[in-house]
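In order, the protein sequences belong to chains A and B.
For the first sequence, counting from 1, position 397 maps to 397 in the numbering used here; every step adds exactly one.
Offset between the second sequence (1-based) and the numbering used here: plus 1000.
Heads up, a few of these hints could be off.
Unchecked claim - As a list, the in silico DSS-like pairs of lysine-lysine whose alpha-carbon atoms are at most 30 Å apart:
1) Lys1128/B <-> Lys403/A
2) Lys463/A <-> Lys156/A
3) Lys1105/B <-> Lys377/A
4) Lys315/A <-> Lys63/A
5) Lys156/A <-> Lys167/A
6) Lys315/A <-> Lys301/A
7) Lys1105/B <-> Lys403/A
8) Lys1191/B <-> Lys432/A
9) Lys1128/B <-> Lys410/A
10) Lys1157/B <-> Lys463/A
11) Lys432/A <-> Lys1105/B
It is worth saying that the hints were derived from the structure and are not from the lab.
On a predicted model such as this, the values are computed, not experimentally measured, just so you know.
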Amino acid sequence: MASNYEFEDTQQLDSAGYDPNFVPDSVKSFVVHLYRHIREKNVYEIHQMYETSFQTLSERLFKDTPWPSVDAVAQYVDNDHVFCLLYREMWFRHLYARLSPTLKQRIDSWDNYCSLFQVVLHGVVNMQLPNQWLWDMVDEFVYQFQSFCQYRAKMKSKTEAEIALLKQFDQAWNVYGVLNFLQALVEKSTIIQILEQEKEGLEQFTANDGYDYTGGSNVLKVLGYFSMVGLLRVHCLLGDYHTGLKCIQPIDISQQGVFTIVIGSHIATIYHYGFANLMLRRYVEAIREFNKILLYIYKTKQYHQKSPQYEQILKKNEQMYALLAVSLSLCPQLKLVEETVNSQLREKYGEKMLRMQRYDDEAFALYDELFSYACPKFITPSAPTYEEPLVNYNQDAYRLQLKLFLYEVKQQQLLSGVRTFLKVYSTISVGKLATYMEVDEPTLRTILMSYKHKTHAVDSEGKVVSNADIDFSIDDDMIQVVESKPTKRYGDYFLRQIVKLEGLMTDMDRIKLEA
Amino acid sequence: MGGEMTPKTPSSMSYTVEQLVAVNPYNPDILPDLENYVNEQVSSQTYSLDANLCLLRLYQFEPDRMSTQIVACILIKALMAMPAPDFSLCLFLIPERVQMEDQFKTLIVLSHYLETARFRQFWDEAAKNRQIVEVVPGFEQAIQEYAIHVLSLTYQKIPRTILAEAINIEGLALDKFIEHQVATSGWHLEKGLDKSQLIVLPCNEFNHPELKKNTADSIPLEHITRIFPILS
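Whenever a hint applies, use it, and build me the whole structure from the sequences.
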């Protein structure tokens, strides 16, 4: 994504020969057709044009200039208000991806989202849009918010004109505004109730992949659905992991759903879900979900090679391997990791993970490195004070999260040592283990209790769950070690096979009929 | 945290504030209500993580409105909620420069001792900082409950001295405490080898890990509904 925010104030684009009013024929044809397909609710064609034609045209004609302005194309689409909002949304998205937005453009993009979401919230949209597009809207909205916060926090390099503009438009990308839009989309769409009712068989949301086959619009419903993922992400960016997980609760992460249809949304959901669980010390949950998605990406990434999201997929893939390495170092439960994922992990982080087990300065440096590489781009949501001297505060939020995470790692530094010993004994006295570990008995007892506390997380319902593969109990002075056996989840396996078999038989019946 | 909002008369304030948070999670106008609610939690010995996180979030959005005295109360309440990770959850939302203040540094040290189960150090440090922690009624008792929680994860039978250190109660008071636990919580007493007292803690899946049930393989009904069409 665009990383160069330094040249904000000048429109250097004009000098490159960009004429916002010039509409090439191919663009004319593009908007005319897209507009028609939208009016005819032809989701398949819309999706083709959105995913393929838009990318092809961008690549061919607008590699380093923006698309023609909305005013220039409006005449070809009956000046349709909603279409123009959608066009501008794509226009800005393309600009953010390929060029550096100016402050003015950031503010304009915010205004455009406000208008677009308001139209959707007022229920006057009767379109049927592809899930991919709707996901991209929410994803981009949150991305531009994050990008704005980062940009604003770099106060040192701001010109007076920029500061004046920031003060004047202090509502642009305001954190309340962002959160309330997402929240309003969730509420207005009644998506939470829809998902509830679906469990009772009264709704067909997931079964229809979010589309509406009864003539209605899917836009508000699906935007509301993806907004829950958007809220999870914003809360993670703010360091509010508990609230983030609460926002995503209506979606059953462990099952397929509309969020798994779009690869970008699938990855964003699991990445943030896993990260939040890691920060909440629910390591087993984090490991389980990272493992599943990494396996999924491994198996399916070949199909996404041509997708505009491919690079992003690979990057998140690498980041999640780093997070998996961190989770497994803190909670060594390799049994939870599938063989393919495990061998990838060894290849990427095997050697580092060995060193992380040592809990010396070098190990902390590695935790630091992996966390910094893989964490979300944390933001400070409040506006600057504009007091001289102007200071950059774009790193503050990240530094705080990193510091608190390393704090946790340090609290656990003695646990890996005790685990190593517990692994080789079935019973051992407190005194003897203390001698081996070169600490006195009272200290060992605190280490053992700390081991218990840190390996027993409190889940979202307030229940204590064990994350320990090597567990023990103390009877007065004797430690008794118990190694937990892996639990195979046969039930889920059979369920999936039943559904699969049924699908196969249906297919075969169909073939018979045709023959 | 169920969604069952039984429409009773909103007699207690807690009901009202919880509802405020549920309906307006991102509304700066409820900030004063949330601050009052923190004070109410302190005086009435109740607790709401969601409301407190909501308040910290509003402080995060508008740092000028932050009251460090309220933040301190929230953090002490979060300590009292251990073993839940609430203290960290709150710290994630509090700017570093605020965390540098002495009272917060002390609370962070206290949390560190509790996280690493160093109860002796914890009680010493708490005694040195009575003015901070005694603001919140029930503090000692809540920490004792956490200590007992960790002990019952760890021990089947625990020497009396270890228990005494963890909950910071000795002598006759400890006798009374144990007596009470025997009567209400299923504790037993035994004599150890050297005539010392041993306390037998109730058996659970954590201090008898071999008892852990394989509940992992149960399937929620809604997953089974996927094959209903096939079964019919």
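Taking the hints in turn, this is what the structure says about them:
Taken as a hint, the Lys1128/B and Lys403/A pair is honoured in the structure, with Cα atoms around 26 Å apart against an allowance of 30 Å. The suggested pairing of Lys463/A with Lys156/A is violated, with an alpha-carbon distance near 47 Å, which exceeds 30 Å. Proximity of Lys1105/B to Lys377/A is assessed by CA-CA distance (about 27 Å); at most 30 Å being required, the pair is judged to hold. For the suggested pair Lys315/A and Lys63/A, the alpha carbons sit about 22 Å apart, so the restraint of at most 30 Å is met.
Straight-line distance between C-alpha atoms of Lys156/A and Lys167/A comes to about 16 Å, which keeps the hinted pair within the 30 Å bound. Restraint check for Lys315/A and Lys301/A: satisfied, since their Cα atoms lie roughly 12 Å apart, inside the 30 Å limit. Restraint check: the Cα-Cα separation between Lys1105/B and Lys403/A comes to about 14 Å, which is no more than 30 Å; the hinted pair holds. Proposed proximity of Lys1191/B and Lys432/A is supported: the alpha carbons are some 23 Å apart, at most 30 Å.
At roughly 25 Å between alpha-carbon atoms, Lys1128/B and Lys410/A fall within 30 Å of each other, so this suggested pair holds. For the given pair, Lys1157/B sits about 23 Å from Lys463/A by alpha-carbon distance, which is consistent with the 30 Å threshold. Between Lys432/A and Lys1105/B the CA atoms are separated by roughly 36 Å; this puts the pair beyond 30 Å, and the hint is violated.
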